[in-house]
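Here the structure of chain A is known, so what remains is to put chain B in place on it, guided by the hints.
Protein chains: 2
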Amino acid sequence: MALTKQPYKGTRDFFPSLERQRQFIFKQMRKTAELFGYEPYDGPLLEEVELYKAKSGEELINEQIYSFTDRGNRFVAIRPEMTPTLARMIAQIHRETTKPIRFYAIPNLMRYEKPQKGRLREHWQFNVDIFGAPKRQGEFEILQVAVALMENFGADNTMFEILINDRSIVEIIFKKIMKLDNDITYKLYKVIDKSKKVNKEALTEMVDKLNLSSNNKSIFYEYLSLKSFSEASKLLNKHGEELASDFSDFLNLVENSNLKNYLTYDPAIVRGLDYYTGIVFEIFDKHPENRRAICGGGSYADLLKIFDEPSVPGVGFGLGDVTLTDFLTTHKLMKNFDIPSNDLLLTIQDDRALLSSINLAEKLRDKQLKVVNHYETIKFNKVFPLAEKKGVNFVAFIGENELNNKTVQLKNMKDKTQHTLPLDNIDEIIKVINGNSNRS
Amino acid sequence: MALTKQPYKGTRDFFPSLERQRQFIFKQMRKTAELFGYEPYDGPLLEEVELYKAKSGEELINEQIYSFTDRGNRFVAIRPEMTPTLARMIAQIHRETTKPIRFYAIPNLMRYEKPQKGRLREHWQFNVDIFGAPKRQGEFEILQVAVALMENFGADNTMFEILINDRSIVEIIFKKIMKLDNDITYKLYKVIDKSKKVNKEALTEMVDKLNLSSNNKSIFYEYLSLKSFSEASKLLNKHGEELASDFSDFLNLVENSNLKNYLTYDPAIVRGLDYYTGIVFEIFDKHPENRRAICGGGSYADLLKIFDEPSVPGVGFGLGDVTLTDFLTTHKLMKNFDIPSNDLLLTIQDDRALLSSINLAEKLRDKQLKVVNHYETIKFNKVFPLAEKKGVNFVAFIGENELNNKTVQLKNMKDKTQHTLPLDNIDEIIKVINGNSNRS
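Chains A and B, in that order, are what the protein sequence lines are.
Take any residue in the first sequence, note its place counting from 1, add 346, and you have its number in my numbering.
Take any residue in the second sequence, note its place counting from 1, add 346, and you have its number in my numbering.
The set of hints was computed from the structure by calculation and includes no laboratory data.
Do not take every clue at face value.
Which copy is meant is left open, because identical chains are indistinguishable; a pair holds if it fits in one copy or across any two.
[To be verified] The calculated DSS-like cross-link candidates involving lysine-lysine, where the alpha carbons are at most 25 Å apart (straight line), are:
1. K681 with K373
2. K377 with K681
3. K525 with K463
4. K525 with K401
5. K445 with K632
6. K760 with K445
7. K542 with K713
8. K445 with K525
9. K463 with K762
10. K351 with K377
11. K522 with K762
12. K543 with K728
13. K481 with K522
14. K709 with K373
This is chain A alone, in the form it adopts within the complex (with noise of 0.2 Å):
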């Protein structure tokens, strides 16, 4: 039986359109990160399963994990995530690096999903994250980072927002106002991660389930109402609280920037559990057919304890390639690249031309134009069609008539104009190619 000629499941071959526009992607991330002093790293395919049981504990491991024993009797995972890869690799140098530390990377991760819009099992992810900054700052200048990738995309924010909350804000209510321990805590924080996926019918019977006091319980309703940070304040000033002092430092910075034309407080933002210390947030497609998470992050505090380190507080996000493609895809923001761009489609008409012409690709190269060979004789009618796949600005020929004078012949693609020139005057060629000759 043939084998079959698709990809894994859930995975993507990246033919040289899609590629090209993946490039233009990692480019744009890495332009991004670049301007703010971020430095790239990158670490191992594999890591001891151990590194994310440490990290996410076994739930998580056990359902989406790729994972194997390997021959040497080692259990480890392709990575799933990014953050505890380089968890590891800040321990290892954090105690001689000068704070604050900036990071990025563009891995590829696997996660055991079910394939569906915006989920596959094999993606890239733009990973950024700052060590040892002050904590507001830190969280300012990720969101900062976010914001430019996405308008360097050309999105802006009619497209986009990020949703935001903070984790002290929770905090507050939850222990100081409503006065929960631990365990409730976390089951409302699960409560939370699910309420915006859930219909109202089943939010109540989650929350029932907990047997809050009644005006826990109102708190806590109230709490999930609230549309923006001033709402939040106001409902911390009512019990007798009041926002965190750096909190409101963060705040501050935010009003004084570019940034408030993107950030919504959502009080459904807590990603998860012990985790995240500071800002949580998600950048949100706005556009009715794509509501969708396009990134998400935070700030984080104690990711080297399993290490045996000291805590270094960071701040980071994930924004996986999958997702970022469809937004871009949705609001017309992705460039078309199905045609290579080359500069010149070196055609021979005759068989003997073959020499000169490989003998010219070789000298033009050297001067750094992209040339596309074509070794087979191949008759004037048929180059046209072919020069523009090749996405190639001019085409040249060598026939008979060339091959006799020693000349070659230029035509542009574009204005259609002609140039004769001898087949040794490279100089003149690229100057032609190039657009600075006056000849014709």
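For chain B alone, coordinates are given in the frame of chain A:
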């Protein structure tokens, strides 16, 4: 017990200096391939094991592959090489794609190896392939790409050579002159593969096991002692045979190009068994301390057979980042990437300047300057060591004086000139940083 901070055996953590080095290598690879009109592609990290078995047979699979059964009961492997994926992709598109098809990729690959110099479990491999070109021109072009890459790094023929053979020569000797059957031919290929790695006694022992006639044995040793294509040609002539005519075409192309400075005939290069059909080659480091292959490739015909597709001839090579990096380091061709490259380090000497410095950074980044914000107040004399680590040309200071006067002080790290400019005169600040100002 604390988790290990070390990466999984045989893999690397790419901290920024190493990652910048790697990105530089990748950039050269992309640039070189695109000078020849090659288009980028990529495929999935996982493929079904059947695909590798169909191409390479059971033996290679069982020893070196990272394979496991997924939750859907598929027997899959982390890609150990790119060619099977490429073949699968070409099988999808070759019918409707204009030939030649020129593709390149830089995938991460994993093999279960004993880590040693030049061999790691995870590496990145530059794969370049051309399909459907006239055979000898395709071979010639692929060699040109390999040489161009090496030359783009500054390497020349004192540093590396290309050891090359052609399967047509071996076939004529084994089949037409020695008249061997397929079974013995297959075994002799294996002996040749090992011939350079063993001493003379071991070689004799391997050959003796095959029970060749004494005449064939002496032809075989004569073959193994060949030093050039002309010697090979003479050996054939002596037995009434000659080089395949198309192979002479290939040699003619080589003689008229830059390639002639690099190619060395080597009868011991056959590169495995059934796979290759024309030239086979390896780029070999000439440095006495690093005598090893950096790259291997050749001409093949029947890759698509496993998909029940007609034969499309191809030529290609794979070049790994680990051996290439060793080569470049050995020959001192690798630049130092320890320090990043940024435009400006923006510091404050007064807490109240935070917002001003953040706003200034935002405006400069809008103009594509790479700006590193330092958020904590920092004394003048501590700024300069930090500026060196950040690889900036300029440092900006905003202290009490500057705040009062709404200015910023810029210091050129090279010539130590200073410039005090109005904070809101972004154009002038950019001019100074870009070195276009005559103010001082």
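- Message: Within a copy, between copies, both or neither: which one fits K522 and K762 at a CA-CA cutoff of 25 Å?
- Response: neither (76 Å within a copy, 54 Å between copies)
- Item | Intra/inter-copy verdict for K760 and K445 if alpha-carbon distance must be at most 25 Å | Classified as between; 24 Å across copies, 53 Å inside a copy.
- Within, between, both or neither: K377, K681 at alpha-carbon 25 Å: both (18 Å within a copy, 21 Å between copies)
- Have a look at K525 and K401 and pick one of within, between, both or neither, based on CA distance no larger than 25 Å. So K525 and K401 fail the 25 Å test inside a copy (27 Å) and across (65 Å) alike.
- Message: When Cα atoms must be at most 25 Å apart, do K351 and K377 count as within-copy, between-copy, both, or neither?
- Response: neither (36 Å within a copy, 29 Å between copies)
- Indicate which option fits the pair K542, K713 if close means a Cα-Cα distance not exceeding 25 Å: within, between, both or neither. neither (58 Å within a copy, 39 Å between copies)
- Is it within a copy, between copies, both, or neither that the alpha carbon of K445 lies no farther than 25 Å from that of K632? Neither. Shortest intra-copy (36 Å) and inter-copy (44 Å) distances fail the 25 Å Cα cut-off.
- Between the shortest in-copy and the shortest cross-copy C-alpha distance, which are at most 25 Å for K525 and K463: within, between, both, or neither? Neither: 41 Å inside a copy, 60 Å across copies.
- From the Cα coordinates, with 25 Å as the cut-off, is the pair K709 and K373 best called within, between, both, or neither? between (29 Å within a copy, 21 Å between copies)
- With 25 Å as the alpha-carbon cut-off, assign the pair K481 and K522 to within, between, both or neither. within (22 Å within a copy, 77 Å between copies)
- Query: Quick one: K681 to K373, C-alpha cut-off 25 Å, is that within a copy, between copies, both, or neither?
  - Reply: both (14 Å within a copy, 22 Å between copies)
- Query: Between copies, within a copy, both or neither: which fits K463 and K762 at Cα up to 25 Å?
  - Reply: Classified as neither: same-chain Cα gap 44 Å, cross-chain 55 Å, threshold 25 Å.
Going through the hint list in order, the structure does not satisfy hints 3, 4, 5, 7, 8, 9, 10, 11 and 12.
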